[in-house]
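Please take these sequences and the hints and turn them into a complete structure.
2 protein chains.
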Amino acid sequence: AACSATGMMESAIRCAPPGRILALVNGAFSERFAHIATMCGRDVDRYEVAWGQTHAVPQLEDRLAARKYSAVTVAHSETSTGALNDVHALSNAAHRYGVMCIIDSVSGLGGAELLFDEWKLDFVLTGSQKAFALPPGLGFAVASPAFVEQARGIGNRGVYFDIVELDAYARKNQTPSTPAVSLMYALEAQLTDIAAEGIEARWERHRAMAARVQQWIDTTSKNLRTDLANIAPMGAQSPTVSTIRLPAAGRGEEFLAAVAERGIRIGGGYGKLKSSTFRIGHMGDHTTETIDRCLAACASALSV
Amino acid sequence: AACSATGMMESAIRCAPPGRILALVNGAFSERFAHIATMCGRDVDRYEVAWGQTHAVPQLEDRLAARKYSAVTVAHSETSTGALNDVHALSNAAHRYGVMCIIDSVSGLGGAELLFDEWKLDFVLTGSQKAFALPPGLGFAVASPAFVEQARGIGNRGVYFDIVELDAYARKNQTPSTPAVSLMYALEAQLTDIAAEGIEARWERHRAMAARVQQWIDTTSKNLRTDLANIAPMGAQSPTVSTIRLPAAGRGEEFLAAVAERGIRIGGGYGKLKSSTFRIGHMGDHTTETIDRCLAACASALSV
Chain C
121 AACSATGMME
131 SAIRCAPPGR
141 ILALVNGAFS
151 ERFAHIATMC
161 GRDVDRYEVA
171 WGQTHAVPQL
181 EDRLAARKYS
191 AVTVAHSETS
201 TGALNDVHAL
211 SNAAHRYGVM
221 CIIDSVSGLG
231 GAELLFDEWK
241 LDFVLTGSQK
251 AFALPPGLGF
261 AVASPAFVEQ
271 ARGIGNRGVY
281 FDIVELDAYA
291 RKNQTPSTPA
301 VSLMYALEAQ
311 LTDIAAEGIE
321 ARWERHRAMA
331 ARVQQWIDTT
341 SKNLRTDLAN
351 IAPMGAQSPT
361 VSTIRLPAAG
371 RGEEFLAAVA
381 ERGIRIGGGY
391 GKLKSSTFRI
401 GHMGDHTTET
411 IDRCLAACAS
421 ALSV
Chain L
121 AACSATGMME
131 SAIRCAPPGR
141 ILALVNGAFS
151 ERFAHIATMC
161 GRDVDRYEVA
171 WGQTHAVPQL
181 EDRLAARKYS
191 AVTVAHSETS
201 TGALNDVHAL
211 SNAAHRYGVM
221 CIIDSVSGLG
231 GAELLFDEWK
241 LDFVLTGSQK
251 AFALPPGLGF
261 AVASPAFVEQ
271 ARGIGNRGVY
281 FDIVELDAYA
291 RKNQTPSTPA
301 VSLMYALEAQ
311 LTDIAAEGIE
321 ARWERHRAMA
331 ARVQQWIDTT
341 SKNLRTDLAN
351 IAPMGAQSPT
361 VSTIRLPAAG
371 RGEEFLAAVA
381 ERGIRIGGGY
391 GKLKSSTFRI
401 GHMGDHTTET
411 IDRCLAACAS
421 ALSV
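Which chain is which? The protein sequence lines are C and L, in order. Yeah, the first sequence ends on 424 if you go by our numbering, and it's all consecutive. Yeah, the second sequence ends on 424 if you go by our numbering, and it's all consecutive.
Treat the hints with caution; some may be incorrect.
One copy or two, it doesn't matter: identical chains are merged, so the pair holds either way.
Unchecked claim - In silico BS3-like cross-links for lysine-lysine, where the CA-CA straight-line distance does not exceed 27 Å:
no., residue 1, residue 2
1, 394, 292
2, 342, 188
3, 240, 394
4, 342, 394
5, 292, 392
6, 392, 240
Derived by calculation from the structure, the hints in this document are not laboratory data.
Rendered as structure tokens:
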């Protein structure tokens with residue numbers, strides 16, 4: 121649909137099975153998902169872990185066993201922290217309790233491995249401007265036939281984000297309302313490039329970029345005798361974005377400006393991490409070579 | 121917001137005062153507005169007139185006197201029929217009954233006169249791809265302070281189309297979710313051009329284009345001894361779009377193809393008028409000169 125990814129989050133909630141929602145929160149965007157569910161009139165419980173951490177299957181199962189939920193929301197790659205949730209395992213856990221699992225993969229899809237059919241997922245959403253490397257303005261969602269089927273019975277789900285209508289038109293290769301045509305042309309070009317690269321090769325390139333950033337954090341910390349740190353622990357790091365804690369907390373904006381002076385724009389910390397972290401988006405059309413230029417600018421800004 | 125105009129219709133409904141809605145229906149898009157209200161869980165009554173006709177103040181007042189409504193929806197320029205409603209008078213009538221009036225001006229705004237403040241309107245919405253002559257993908261809405269104020273109390277209004285949040289961010293010159301940046305640049309360029317032309321001159325240019333089309337209908341009917349007719353009567357014709365009934369009903373698509381062979385793409389009839397009418401969009405960056413070329417192609421296609 122012509123919208124930001126937030127729109128597809130609202131679509132997921134408006135069309136989710138009726139009942140209480142369990143929101144897995146580990147950063148600003150998974151928190152936003154919980155907020156959207158509340159603003160759509162849902163009762164929401166939170167399974168919250170520290171920003172930068174990921175969610176564990178046993179703890180999720182404890183919550184699912186203790187109370188009846190209709191759906192779980194989870195962030196695949198939390199864009200605010202660079203933490204990567206094991207959505208395959210979390211989705212399987214939800215299914216063991218008969219609960220649908222809605223996955224926000226805004227910065228994940230197209231960069232981090234995700235197998236919708238093989239993993240038997242219910243609903244995955246993303247936006248155009250992250251690992252797809254397109255201009256913003258398009259939101260994407262894929263829903264299982266079972267999700268669409270149950271949505272038919274949901275009242276008050278509106279029109280613009282109605283997954284039933286979106287699905288019906290998609291089958292005719294159309295959209296229910298006027299599409300953002302100029303962005304669709306960009307999408308077509310980018311999908312052609314993605315197919316040419318191959319999705320597995322694309323995932324591998326993203327893993328390599330993330331590894332390069334982590335390696336840089338280690339060596340730079342050693343070389344500069346400072347304590348840079350990825351806020352997501354090893355094994356839980358997104359291949360598309362790294363959120364890095366600065367040695368001197370509260371100097372975030374100053375650091376961004378120093379890097380910008382060196383000709384590179386990096387991401388600031390997000391939300392409550394704004395002044396204590398910075399973010400490197402190693403995704404989309406980036407390569408280890410372009411990331412190296414970014415890391416060199418960061419090292420230079422740190423060493424003065 | 122990054123959406124089609126349909127999204128802003130949903131915004132108007134989700135944020136409208138609680139209660140029954142009276143939908144003024146005179147074509148496919150005002151019918152769509154009624155449908156959206158129903159799908160958002162509202163009780164909806166219709167004040168319906170034939171496609172091509174407009175709504176009358178006394179009949180509206182009869183309905184407002186007979187039953188309590190919270191809001192009225194109305195199409196300014198019905199894009200499916202080219203009928204132009206007197207939204208100033210209809211809005212005044214609604215206000216006499218203490219009812220808010222929500223105006224779909226998708227093909228109107230930027231081409232047909234509308235004075236939000238002077239006419240004391242409540243909510244007006246449009247899209248980027250009609251009289252603004254931009255690529256599709258942006259929806260626009262303007263709401264009165266009173267509309268925004270009452271919206272704060274509305275439950276279940278969601279996030280993406282929440283006029284309260286959109287208003288709060290607009291005051292900071294920001295958007296609540298990722299904006300469609302490439303389209304915003306196009307918007308900036310087009311608004312500069314519109315300001316240079318002057319909005320009154322722009323309205324006048326659109327009136328001149330509509331007059332030229334009506335004149336062409338009259339002379340072509342006479343010259344070809346056929347009965348072309350604007351389905352909207354004089355005095356109720358939109359300055360931006362004319363829907364013209366073909367002499368031979370059921371030949372709509374054939375006629376479009378014949379015009380296309382002459383290098384011009386015109387609009388087909390919409391919905392139940394698909395095969396019996398065609399539409400000329402005389403709006404945006406068009407001029408009487410470009411419209412003349414279009415009319416010449418139509419005349420040529422008709423005369424074979």
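message: At most 27 Å between CA atoms: does that hold for residue 342 and residue 188 within a copy, between copies, both, or neither?
response: neither (49 Å within a copy, 73 Å between copies)
query: How would you label the pair residue 292, residue 392 (within, between, both, or neither) given a Cα cut-off of 27 Å?
result: between (44 Å within a copy, 20 Å between copies)
message: As a check of your reading, is residue 342 near residue 394 (CA-CA no more than 27 Å) within one copy, between copies, both or neither?
response: within (24 Å within a copy, 71 Å between copies)
task: State whether the alpha carbon distance between residue 392 and residue 240 is at most 27 Å within one copy, between copies, both, or neither.
output: Neither way: residue 392 and residue 240 sit 34 Å apart in one copy and 41 Å across, limit 27 Å.
query: Quick one: residue 394 to residue 292, C-alpha cut-off 27 Å, is that within a copy, between copies, both, or neither?
result: Result: close only across copies, 19 Å inter versus 44 Å intra.
message: At most 27 Å between CA atoms: does that hold for residue 240 and residue 394 within a copy, between copies, both, or neither?
response: Classified as neither; 36 Å inside a copy, 42 Å across copies.
In summary, the structure is inconsistent with hints 2, 3, 6 from the numbered list given earlier, while agreeing with the others.
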